[in-house]
Amino acid sequence: MMITLSLALRNLLRNRRRSFATLLAMAIGCASILLFGGFSGNINYEMHTRNVQRGGHLQIQHRDFYLYGSGNPTAYGIRDYTKILAAIQNDEVLRKMVLVATPTLQFGGIAGNYSASVSRTVIGTGFVAGDINRMRRWNDFHLRSKAPVSALEGAAADAAVVGTGVARVLQLCDALKIAHCPKPEKERKSDGSALPEDIAQLSLQEAPVAAGAAASQQRVDILVVNARGAPNVTSLEVIRAEDQGIKELDEVSMMMHLAKIQQLIYGISPPMATSIMIQLRHSDQIAAAQTRLAPILAKYSANQPLAVLDFKSLNPFYVQTIQMFDTIFGFVFVLIGAIVLFTVSNTMNTAIVERTVEIGTLRAIGLRRSGIRRLFVTEGALLGFCGAVLGVVLGLVLSAVVNQMDIPWVPPSTVESVPLTILVWGETRMIFGTTLGLICIAILSAWWPAYRAAKLNVVEALRHA
Amino acid sequence: MTEQMGHHGPVVVLNQVEKTYRLDSVSVPVIKGVNLLVRHACFTVLLGPSGSGKTTLLNMIGCIDKPDKGDIIVSGCKVGELSDDALSDFRARNIGFIFQNFNLLPVLSAYENVEYPLLLAGTSAKTRGERVPRLLDAVGLGDKARNLPGQLSGGQRQRVAIARALARKPKLVIADEPTANLDSQTGAAILALMRHMVDQYQISFIFSSHDRDVIKAADDTIFLKDGTIRGIRRQGAEDAP
Chain A
3 MMITLSLALR
13 NLLRNRRRSF
23 ATLLAMAIGC
33 ASILLFGGFS
43 GNINYEMHTR
53 NVQRGGHLQI
63 QHRDFYLYGS
73 GNPTAYGIRD
83 YTKILAAIQN
93 DEVLRKMVLV
103 ATPTLQFGGI
113 AGNYSASVSR
123 TVIGTGFVAG
133 DINRMRRWND
143 FHLRSKAPVS
153 ALEGAAADAA
163 VVGTGVARVL
173 QLCDALKIAH
183 CPKPEKERKS
193 DGSALPEDIA
203 QLSLQEAPVA
213 AGAAASQQRV
223 DILVVNARGA
233 PNVTSLEVIR
243 AEDQGIKELD
253 EVSMMMHLAK
263 IQQLIYGISP
273 PMATSIMIQL
283 RHSDQIAAAQ
293 TRLAPILAKY
303 SANQPLAVLD
313 FKSLNPFYVQ
323 TIQMFDTIFG
333 FVFVLIGAIV
343 LFTVSNTMNT
353 AIVERTVEIG
363 TLRAIGLRRS
373 GIRRLFVTEG
383 ALLGFCGAVL
393 GVVLGLVLSA
403 VVNQMDIPWV
413 PPSTVESVPL
423 TILVWGETRM
433 IFGTTLGLIC
443 IAILSAWWPA
453 YRAAKLNVVE
463 ALRHA
Chain B
2 MTEQMGHHGP
12 VVVLNQVEKT
22 YRLDSVSVPV
32 IKGVNLLVRH
42 ACFTVLLGPS
52 GSGKTTLLNM
62 IGCIDKPDKG
72 DIIVSGCKVG
82 ELSDDALSDF
92 RARNIGFIFQ
102 NFNLLPVLSA
112 YENVEYPLLL
122 AGTSAKTRGE
132 RVPRLLDAVG
142 LGDKARNLPG
152 QLSGGQRQRV
162 AIARALARKP
172 KLVIADEPTA
182 NLDSQTGAAI
192 LALMRHMVDQ
202 YQISFIFSSH
212 DRDVIKAADD
222 TIFLKDGTIR
232 GIRRQGAEDA
242 P
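Order-wise, the sequence lines are chains A and B. Count along the first sequence from 1, add 2, and you get the number used in the numbering used here. Count along the second sequence from 1, add 1, and you get the number used in the numbering used here.
Derived from the structure by calculation, the hints contain no laboratory data. Only a predicted model underlies this, so the values are computations on that prediction, with no experimental measurement involved. Among the hints, a few may not be true.
As the list claims (entries may be wrong) - Listed next, the in silico DSSO-like pairs over lysine-lysine satisfying Cα-Cα at most 30 Å (straight line):
hint : chain 1 : residue 1 : chain 2 : residue 2
1    : A       : Lys179    : A       : Lys85
2    : A       : Lys85     : A       : Lys249
3    : A       : Lys457    : B       : Lys70
4    : B       : Lys145    : B       : Lys79
5    : B       : Lys79     : A       : Lys457
6    : B       : Lys226    : B       : Lys127
7    : A       : Lys185    : A       : Lys249
8    : B       : Lys170    : B       : Lys67
9    : B       : Lys127    : B       : Lys79
10   : A       : Lys301    : A       : Lys148
11   : B       : Lys67     : B       : Lys79
12   : B       : Lys33     : A       : Lys148
13   : B       : Lys33     : B       : Lys145
14   : A       : Lys262    : A       : Lys301
15   : A       : Lys98     : A       : Lys301
16   : A       : Lys457    : B       : Lys127
17   : B       : Lys67     : A       : Lys457
18   : B       : Lys127    : A       : Lys185
Unchecked claim - Covered, in the sense of this in silico footprint (three residues per stretch, anywhere, with C-beta under 8 Å from a C-beta of chain B), are these stretches of chain A:
hint : segment
19   : 8-18
20   : 49-63
21   : 368-375
Note that the Cβ used here is the ideal one computed from N, Cα and C, for glycine as well.
Using the sequences and the hints, build the whole thing.
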């Protein structure tokens, strides 16, 4: 085996330029795969982190809440949620795994800014702001980007945070100092130019006063249906608008203190939560935590069916995005694999033509057909190995350079611009998988030429000019 | 099936051997019913003009080509019945080759070229370490062991090829016009070296040539023309087929 390896290596070094060109093609292909893999891997980590920061790893819900309960907290709320929380916190195993366990209440309602005569339907969430901010600090993948801190922590009991889309529709842009928030066409027409001159004059005199009033006006009213089916209204102070990253969500999102919305919906009745969000220390603890939660859920499921959903089930967009990137990664790999296949195959074919006499000589002095096959396959494998290693080095260097450049970009489902990060270093599974894959492709591409070389007639090979 | 022969019986026996090449639809008979015995430890020359069938006959004796008809027995083994792998192993054990164009592996040094057949046979490092330098010394290239073929002259390359052919102590060495690409002085030296090897190692050498001057170095001379043996001169015997 050593002699085959030594001979194969020397044969590759014999035509350095051709071998180098093949290696370079393989290295560039390998580095491209790794860079794309590192890029999509980083998107995976970003989305994974954002989803865990927003909703935890697991959520305990009424069994049907995910499918039917959106905006109907009365029908799908969890009774005795405080007891479930206490049971989680008192469980010796779960306590070590769980970073945050916190209730949330999702509701639907209509928010109105009556001073501007506008309203819109919203999907609101009530939460414990301190817990939410602790959840937003989760960064198990050591990403460079940080999630924004919720302004609700420490804010007044009637404070609310809305999506920028909601703020725009409710005409709170000036009051909340939201940039890039054009006023609707209808409002601009109120310059009065088409009105009779005396009325237009009056309108223009009133305009600055109205704008000034809007600047100090951050209060909105929220109308919800309470537990008994009656409408209930409260006034909230919108303290900030936060971009939710997805337009559809941004235009309906409203967040407030849990206690406030529970009071509004349940009044003096026992309050409920629609979810208990559980954030674990590490994502690989999900299965263990689910197993541990099962008896707790069974205990409290006697008169209400409960279920535990993981963050992937709760965020199908995340799963779809990752699947899409995995598919693109696979496509890129196949494409580059095909290029490597033809490059190595071409190199080996040329080598066989050039070394036909040598093949004849080796066969004449007693090397079996299998020995010839082994020699050329070893050459292919060596090319594959060296090309892949060179590609890994190239990928690591290029990713480090890109990471140092701090190129800003906005990953999917995030709001703020983050430095472009390509994660190659530390992605051992991807590195070894790509290396092994390319070596296999190189071996495969060398196999057919090697087979042909082994089948050569000895006399004809020796006669080859 | 093999037929064992006496210890010092003929090393090669050809019985009614025929070979025809087919070029498109044209059949060209190259060897026509040849019968031949090659004696043990003899220096045998296959003499004939170009196209007489010398190389084809040597290829068949060397087990790298097969006859269309007839039997070839080399070192007591009926080689026509062997599989491709068995033939490879047989060649490795019993036959050494010296080519007109030397055919050394250009990426291996002189030492490694001689060592290569021993590595293929799985010979121990100790044996290799003893045998290779001895062979290189025997062909006068002890000081060129580390040189690549490209760093050697034609004569030196052919000496390395001779050492390689002898590395596994074969019973038979086939040399197809080994002096054709050498100047006359070097060719004569190579011829003398081969003659010396026959005497020293008791190996049968068969080599082809179209140069009649080589007859005086040979024990046996086989005259070949148009694919048939026209005469055999054995030292100390009358011309006989």
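How the hints compare with the structure:
Note on Lys179 of chain A and Lys85 of chain A: the hinted pairing is violated, with a Cα-Cα distance of about 42 Å set against a maximum of 30 Å. A threshold of 30 Å between alpha carbons decides the hint, and for Lys85 of chain A with Lys249 of chain A the separation of about 37 Å lies outside it, so the pair is violated. As the CA atoms of Lys457 of chain A and Lys70 of chain B are separated by approximately 23 Å, the hinted pair is consistent with the 30 Å bound. Proximity of Lys145 of chain B to Lys79 of chain B is assessed by CA-CA distance (about 39 Å); at most 30 Å being required, the pair is judged violated.
Pair hint Lys79 of chain B plus Lys457 of chain A holds up; C-alpha atoms about 23 Å apart against a cutoff of 30 Å. This hinted pair does not check out: Lys226 of chain B and Lys127 of chain B have alpha carbons roughly 47 Å apart, beyond 30 Å. For a cut-off of 30 Å, the pair hint linking Lys185 of chain A to Lys249 of chain A stands: about 17 Å separates their Cα positions. Between Lys170 of chain B and Lys67 of chain B the alpha-carbon distance is near 24 Å, which keeps this suggested pair within the 30 Å criterion.
Taken as a hint, the Lys127 of chain B and Lys79 of chain B pair is broken in the structure, with Cα atoms around 34 Å apart against an allowance of 30 Å. Only pairs whose Cα atoms come within 30 Å are accepted, and Lys301 of chain A paired with Lys148 of chain A is rejected, the gap being roughly 38 Å. Proposed proximity of Lys67 of chain B and Lys79 of chain B is supported: the alpha carbons are some 12 Å apart, at most 30 Å. Our distance criterion of 30 Å between C-alpha atoms is broken by Lys33 of chain B and Lys148 of chain A, whose separation comes to about 90 Å.
For the given pair, Lys33 of chain B sits about 44 Å from Lys145 of chain B by alpha-carbon distance, which is inconsistent with the 30 Å threshold. For the hint linking Lys262 of chain A to Lys301 of chain A, the alpha-carbon distance of about 29 Å falls within 30 Å, and the restraint holds. With a C-alpha separation of about 21 Å, the suggested pairing of Lys98 of chain A with Lys301 of chain A holds against the 30 Å cut-off. The suggested pairing of Lys457 of chain A with Lys127 of chain B is violated, with an alpha-carbon distance near 34 Å, which exceeds 30 Å.
For the hint pairing Lys67 of chain B with Lys457 of chain A, the CA-to-CA distance comes to about 16 Å; that is within 30 Å, so the pair holds. With a C-alpha separation of about 93 Å, the suggested pairing of Lys127 of chain B with Lys185 of chain A is violated against the 30 Å cut-off. Proximity of the segment 8-18 of chain A to chain B, defined as three or more residues with a beta carbon under 8 Å from a beta carbon of that chain, is established by the 5 residues found. Residue count for the segment 49-63 of chain A with a Cβ under 8 Å from a Cβ of chain B: 0. That is fewer than the three needed, and the coverage hint is violated.
Residues of the segment 368-375 of chain A with a Cβ under 8 Å from some Cβ of chain B number 6, which satisfies the need for three, so the listed coverage holds.
Checked against the numbered hints above, the structure violates hints 1, 2, 4, 6, 9, 10, 12, 13, 16, 18 and 20; every other hint is satisfied.
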